[in-house]
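Asker: Just so you know, the sequences run in chain order Z and D. So the first sequence is numbered by my numbering: it starts at 33 and just counts up by one. So the second sequence is numbered by my numbering: it starts at 33 and just counts up by one.
In case anyone wonders, no lab produced these hints; they're calculated from the structure. Check before you lean on any hint, since a few could be wrong.
Result set (BS3-like, lysine-lysine): computed pairs, CA atoms no more than 25 Å apart in a straight line [as the list claims (entries may be wrong)]:
no., chain 1, residue 1, chain 2, residue 2
1, Z, Lys605, D, Lys450
2, D, Lys610, Z, Lys602
3, Z, Lys610, D, Lys317
4, Z, Lys496, Z, Lys311
Derived CB-CB ranges, DEER-like [as the list claims (entries may be wrong)]:
no., chain 1, residue 1, chain 2, residue 2, range
5, D, Glu276, Z, Glu438, 30 to 38 Å
6, Z, Ile47, D, Lys496, 29 to 37 Å
7, Z, Glu129, D, Lys496, 36 to 44 Å
Keep in mind that this is a model prediction, so the values were computed, not measured. The C-beta atom is built at its ideal place from N, Cα and C for all residues, glycine as well.
There are 2 protein chains.
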Amino acid sequence: MHRTHTCGELRATDIAKKVTLAGWLQTSRDLGGMTFIDLRDRYGITQLVFNMETDAALCEQARRLGREFVLKVTGTVAERYNKNAQMPTGDVEIIVESLTILNEAKTPPFTIDDNTDGGDDLRMRYRYLDLRRNPVRESLMLRHKIAKATRAYLDGLDFIEVETPVLIKSTPEGARDFVVPSRMNPGQFYALPQSPQTFKQLLMVSGFDRYYQIVKCFRDEDLRADRQPEFTQIDCEMSFIEQEDILNTFEGLTRSLFKDVLGVDMPSVPRMEYADAMKYYGSDKPDTRFEMKFVELNDVVKGQGFPVFDNAELVVGICAKGAAEYTRKQIDELTDYVKRPQIGATGMVYARVNADGIKSSVDKFYNEEQLKRWAEAFGAEQGDLILILAGGADKTRKALNELRLELGTRLGLRPKDKFSALWVIDFPLLENNEEDGRWYAMHHPFTSPKPEDVAHLEAGGLGKVRANAYDLVINGVEIGGGSIRIHDKDLQAKMFGILGFTPEEAQAQFGFLLNAFEFGAPPHGGLAFGFDRLCSLFGGVDSIRDFIAFPKNNAGRDVMIDAPSVIDEKQLKELAIKLAN
Amino acid sequence: MHRTHTCGELRATDIAKKVTLAGWLQTSRDLGGMTFIDLRDRYGITQLVFNMETDAALCEQARRLGREFVLKVTGTVAERYNKNAQMPTGDVEIIVESLTILNEAKTPPFTIDDNTDGGDDLRMRYRYLDLRRNPVRESLMLRHKIAKATRAYLDGLDFIEVETPVLIKSTPEGARDFVVPSRMNPGQFYALPQSPQTFKQLLMVSGFDRYYQIVKCFRDEDLRADRQPEFTQIDCEMSFIEQEDILNTFEGLTRSLFKDVLGVDMPSVPRMEYADAMKYYGSDKPDTRFEMKFVELNDVVKGQGFPVFDNAELVVGICAKGAAEYTRKQIDELTDYVKRPQIGATGMVYARVNADGIKSSVDKFYNEEQLKRWAEAFGAEQGDLILILAGGADKTRKALNELRLELGTRLGLRPKDKFSALWVIDFPLLENNEEDGRWYAMHHPFTSPKPEDVAHLEAGGLGKVRANAYDLVINGVEIGGGSIRIHDKDLQAKMFGILGFTPEEAQAQFGFLLNAFEFGAPPHGGLAFGFDRLCSLFGGVDSIRDFIAFPKNNAGRDVMIDAPSVIDEKQLKELAIKLAN
Numbered sequence: 033m034h035r036t037h038t039c040g041e042l043r044a045t046d047i048a049k050k051v052t053l054a055g056w057l058q059t060s061r062d063l064g065g066m067t068f069i070d071l072r073d074r075y076g077i078t079q080l081v082f083n084m085e086t087d088a089a090l091c092e093q094a095r096r097l098g099r100e101f102v103l104k105v106t107g108t109v110a111e112r113y114n115k116n117a118q119m120p121t122g123d124v125e126i127i128v129e130s131l132t133i134l135n136e137a138k139t140p141p142f143t144i145d146d147n148t149d150g151g152d153d154l155r156m157r158y159r160y161l162d163l164r165r166n167p168v169r170e171s172l173m174l175r176h177k178i179a180k181a182t183r184a185y186l187d188g189l190d191f192i193e194v195e196t197p198v199l200i201k202s203t204p205e206g207a208r209d210f211v212v213p214s215r216m217n218p219g220q221f222y223a224l225p226q227s228p229q230t231f232k233q234l235l236m237v238s239g240f241d242r243y244y245q246i247v248k249c250f251r252d253e254d255l256r257a258d259r260q261p262e263f264t265q266i267d268c269e270m271s272f273i274e275q276e277d278i279l280n281t282f283e284g285l286t287r288s289l290f291k292d293v294l295g296v297d298m299p300s301v302p303r304m305e306y307a308d309a310m311k312y313y314g315s316d317k318p319d320t321r322f323e324m325k326f327v328e329l330n331d332v333v334k335g336q337g338f339p340v341f342d343n344a345e346l347v348v349g350i351c352a353k354g355a356a357e358y359t360r361k362q363i364d365e366l367t368d369y370v371k372r373p374q375i376g377a378t379g380m381v382y383a384r385v386n387a388d389g390i391k392s393s394v395d396k397f398y399n400e401e402q403l404k405r406w407a408e409a410f411g412a413e414q415g416d417l418i419l420i421l422a423g424g425a426d427k428t429r430k431a432l433n434e435l436r437l438e439l440g441t442r443l444g445l446r447p448k449d450k451f452s453a454l455w456v457i458d459f460p461l462l463e464n465n466e467e468d469g470r471w472y473a474m475h476h477p478f479t480s481p482k483p484e485d486v487a488h489l490e491a492g493g494l495g496k497v498r499a500n501a502y503d504l505v506i507n508g509v510e511i512g513g514g515s516i517r518i519h520d521k522d523l524q525a526k527m528f529g530i531l532g533f534t535p536e537e538a539q540a541q542f543g544f545l546l547n548a549f550e551f552g553a554p555p556h557g558g559l560a561f562g563f564d565r566l567c568s569l570f571g572g573v574d575s576i577r578d579f580i581a582f583p584k585n586n587a588g589r590d591v592m593i594d595a596p597s598v599i600d601e602k603q604l605k606e607l608a609i610k611l612a613n
Numbered sequence: 033m034h035r036t037h038t039c040g041e042l043r044a045t046d047i048a049k050k051v052t053l054a055g056w057l058q059t060s061r062d063l064g065g066m067t068f069i070d071l072r073d074r075y076g077i078t079q080l081v082f083n084m085e086t087d088a089a090l091c092e093q094a095r096r097l098g099r100e101f102v103l104k105v106t107g108t109v110a111e112r113y114n115k116n117a118q119m120p121t122g123d124v125e126i127i128v129e130s131l132t133i134l135n136e137a138k139t140p141p142f143t144i145d146d147n148t149d150g151g152d153d154l155r156m157r158y159r160y161l162d163l164r165r166n167p168v169r170e171s172l173m174l175r176h177k178i179a180k181a182t183r184a185y186l187d188g189l190d191f192i193e194v195e196t197p198v199l200i201k202s203t204p205e206g207a208r209d210f211v212v213p214s215r216m217n218p219g220q221f222y223a224l225p226q227s228p229q230t231f232k233q234l235l236m237v238s239g240f241d242r243y244y245q246i247v248k249c250f251r252d253e254d255l256r257a258d259r260q261p262e263f264t265q266i267d268c269e270m271s272f273i274e275q276e277d278i279l280n281t282f283e284g285l286t287r288s289l290f291k292d293v294l295g296v297d298m299p300s301v302p303r304m305e306y307a308d309a310m311k312y313y314g315s316d317k318p319d320t321r322f323e324m325k326f327v328e329l330n331d332v333v334k335g336q337g338f339p340v341f342d343n344a345e346l347v348v349g350i351c352a353k354g355a356a357e358y359t360r361k362q363i364d365e366l367t368d369y370v371k372r373p374q375i376g377a378t379g380m381v382y383a384r385v386n387a388d389g390i391k392s393s394v395d396k397f398y399n400e401e402q403l404k405r406w407a408e409a410f411g412a413e414q415g416d417l418i419l420i421l422a423g424g425a426d427k428t429r430k431a432l433n434e435l436r437l438e439l440g441t442r443l444g445l446r447p448k449d450k451f452s453a454l455w456v457i458d459f460p461l462l463e464n465n466e467e468d469g470r471w472y473a474m475h476h477p478f479t480s481p482k483p484e485d486v487a488h489l490e491a492g493g494l495g496k497v498r499a500n501a502y503d504l505v506i507n508g509v510e511i512g513g514g515s516i517r518i519h520d521k522d523l524q525a526k527m528f529g530i531l532g533f534t535p536e537e538a539q540a541q542f543g544f545l546l547n548a549f550e551f552g553a554p555p556h557g558g559l560a561f562g563f564d565r566l567c568s569l570f571g572g573v574d575s576i577r578d579f580i581a582f583p584k585n586n587a588g589r590d591v592m593i594d595a596p597s598v599i600d601e602k603q604l605k606e607l608a609i610k611l612a613n
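Turn these sequences into a full structure, and let the hints guide you.
Answerer: In structure tokens form, the structure reads like this:
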């Protein structure tokens with residue numbers, strides 16, 4: 033071992049001990065007679081002292097060391113003259129007696145510091161240097177801690193971690209697969225799993241009863257910001273359970289993670305029906321850190337001659353507490369915000385509830401009395417600001433959701449260290465595709481309808497059928513979701529019929545699972561948490577990148593190792609494939 | 033929840049409780065007035081009783097249930113008349129009051145029993161049914177237990193589990209990569225990792241200090257029995273350490289796993305130099321559950337006119353304790369064994385140490401006096417059997433290794449529940465390829481030579497240079513191995529030169545790692561354990577297959593899901609590839 037202690041370990045109680053430390057040169061200060069070096073490793077920083085009077089040669093050597101040199105020093109722990117209460121090792125320093133340069137270092141292309149001067153591209157190219165920075169390393173240590181706490185919780189409940197295969201079969205349904213040509217089976221391909229869904233269901237058929245896995249999944253999608261082609265899930269499945277059992281088990285996991293990892297006591301997680309989430313928040317993943325619920329105003333505002341409202345399918349608004357003082361400029365910014373093409377509102381109506389009455393942007397159409405009725409509808413008080421959108425119902429709700437979030441951010445209602453969790457339940461089972469008029473499974477074709485809604489599984493009623501499907505939403509982010517699965521083969525056959533599969537097509541695509549279901553499938557269900565996203569939520573960071581050791585960029589490239597890359601003609605030949613051009 | 037208790041839970045103390053159980057029908061016995069059903073789940077088996085007198089309709093229903101039906105029953109726990117001490121629940125049975133068929137089951141294609149009548153192919157095709165059998169499920173639960181104990185041990189030593197990427201870059205060195213065409217980067221490919229080797233070294237450059245990961249790796253090799261295209265490693269790396277620290281850390285892990293998982297106290301693990309392993313066992317992974325060391329006999333047997341020995345480069349033998357009573361037939365079997373083409377010995381000489389003297393198969397050439405010198409060389413005693421092979425040194429050692437193992441098996445010296453571990457150390461750094469005359473890294477090009485051997489890193493001395501490389505061998509199986517890495521760039525450059533790389537070639541293949549090493553690489557090293565193999569060793573089973581939930585066959589196929597498979601023309605087009613024919 034090249035050290036007796038780490039750089040984060042020594043305290044006043046160690047004074048006078050002879051120690052050996054190893055680490056990287058963080059900073060060096062040359063004060064003429066003395067040279068101070070901060071030596072860094074994963075565990076902390078310790079100050080080294082070199083004295084011209086005691087050992088001029090050694091001190092000279094120390095002066096020539098550059099940033100990020102790898103050093104091994106032996107010396108004596110001494111009390112520090114200028115103690116540093118900010119550092120755990122701040123009471124001591126090492127009077128160095130011998131110094132070995134374990135390795136030299138070129139000057140890094142950016143500073144290895146909490147606030148670095150390196151841009152994103154540079155940091156990605158030199159990821160191994162970026163990983164030296166405290167915030168990045170701490171993000172990955174947090175990830176480790178969350179994984180560990182997850183395993184401890186699930187192990188404690190008799191879940192078994194089972195590794196499912198990575199080289200599986202491609203299915204044309206759903207998102208695009210990454211595929212792997214098989215050399216031993218020319219012309220054939222494996223696919224990388226988008227999730228272990230079918231395997232975990234098979235494990236339930238096998239009687240494993242409680243399965244989990246922290247597992248890499250793959251999706252060949254066009255990468256939006258902060259989506260990675262490979263990502264990690266906490267994947268779970270349970271047998272002989274009902275929806276209530278799943279919700280309780282994973283609410284337990286979530287609360288235990290918050291407690292163990294962050295020391296946060298999370299209250300029991302409320303539940304909201306999908307229909308209510310859409311009605312009151314215009315989103316199936318509402319940020320419930322703040323209230324500001326939607327209020328529908330059709331009954332209140334129509335028929336007063338304001339054509340925008342009169343012609344709208346839905347008039348709906350929110351009330352921002354204490355925001356009546358917003359300037360015209362601030363309100364114009366919000367109007368511009370909702371009029372951006374991504375959001376697409378045509379305009380915004382506002383009303384300030386002032387001490388001297390309510391002032392709206394449509395005073396021409398609504399008198400004081402009528403505006404009072406608006407305020408009543410919102411329960412608005414003096415000092416509040418009412419913002420209203422109007423138009424087609426779905427589109428307007430979506431736009432108002434964006435406005436609500438933007439306003440929440442501006443009003444400081446979405447702090448990173450406040451956590452508000454929510455189960456969104458009773459998702460629709462099916463959604464109709466406007467383009468081809470077909471019905472698609474909102475979750476996947478194995479999701480169970482709610483028993484009381486099975487009767488509606490007929491033409492005309494399909495849109496009303498709710499699923500035993502649920503999402504866990506924290507701070508407006510979908511952390512995970514799942515469903516109770518269909519285990520009855522007649523119901524499954526009916527579902528495939530509704531989804532437009534012939535029995536032969538169903539067999540071709542999902543044959544092995546359908547066959548398995550013939551041999552005694554237990555009632556089962558499960559869920560998956562997005563692990564990268566969960567980590568970034570815990571870390572209070574929007575981007576998942578720093579919670580992944582070696583992430584890829586938006587073009588799916590690892591710019592550090594320069595992958596993907598061209599491969600040998602010989603490799604292609606062995607795999608029996610050719611480049612298209 | 034469809035149950036109040038599991039099928040492995042109820043005891044005499046639960047008598048008179050009203051309970052609900054759910055599980056699979058294991059067996060059913062109809063005794064006329066009564067019907068008994070064994071209900072099975074992951075946790076055990078509980079006996080259900082249906083009585084014609086009490087509830088004829090229910091009993092009739094129970095009689096019609098088939099094997100593997102999924103049932104939910106409610107009833108009262110009663111004392112069992114015929115107690116079964118073999119079963120944890122054997123003191124009780126359930127007097128069933130209500131029965132729900134949760135799912136029906138077709139008759140399985142093989143019996144779900146510890147000793148099944150299903151052949152390998154059938155079991156693989158219906159893996160989800162095979163996984164219902166106790167031995168297979170227990171193998172996977174053992175795997176989970178070993179993974180859990182591994183994590184607990186390494187977490188306790190401040191190792192951080194870091195996930196390294198699965199979509200990486202192909203390197204032409206070493207074994208064949210699986211590759212993944214990139215849709216977003218047409219004509220380019222990712223590779224699946226054969227190991228996270230370079231990433232873990234980069235994490236050391238990043239200062240992670242102690243890394244581990246239980247991780248899937250991939251190798252597109254022709255599959256010998258019991259090799260899988262995807263396999264799992266316990267992968268580790270440490271900084272600021274020397275070889276001794278790695279050996280001690282992972283010996284600690286190994287002994288702790290034996291203790292925690294099997295309750296076995298493993299003594300401290302002896303070390304053997306590679307040269308000695310080859311000299312005394314003819315193998316770099318000797319099975320040390322039994323002694324039977326090689327004895328070299330050139331000095332003892334040559335010059336007596338027996339041309340086979342006189343012309344041999346090496347005459348070497350083993351002494352099987354107490355095997356002098358082997359019949360001529362048994363000895364002929366051994367001779368046939370070593371003469372098989374895979375082993376390739378041309379013959380075998382034997383000598384029995386009997387009460388009335390030593391009888392050899394070459395008495396024509398060696399008299400009693402000379403044979404006594406043979407026995408002395410082996411330390412052979414009355415009742416022992418000496419077996420000798422002769423020929424080229426390497427080939428003869430290899431053949432004698434096979435003979436020793438075969439004899440050990442026949443003599444019952446290799447019981448599955450006895451464990452003998454060994455560190456094989458001081459591997460050669462380089463090996464010369466006879467075909468092209470080039471030197472290749474025995475481990476990989478980043479393995480460090482022993483400091484005292486660096487002086488030999490010149491033409492003529494290359495074969496003598498030993499590496500800081502080590503393997504952990506248990507019961508003759510290589511469980512894992514690793515090395516101290518080169519962290520000095522000059523030494524690394526020299527190594528690449530020896531391996532025949534130009535600096536440009538080295539840069540093209542390993543550029544990102546070499547560049548990283550310029551920014552302050554600490555001394556580091558590590559190792560990887562083959563996790564599937566470790567599990568099968570702990571399970572006392574030769575095959576790794578039952579320790580993998582969904583294994584592939586020797587053609588790399590998953591016959592259950594029928595993968596790999598052909599993919600759509602549209603998929604190929606998107607990926608910018610074509611089939612070669």
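Asker: Tell me the numbers of any earlier hints that the structure contravenes, in ascending order.
Answerer: Those not satisfied are hints 1, 3, 5 and 6.
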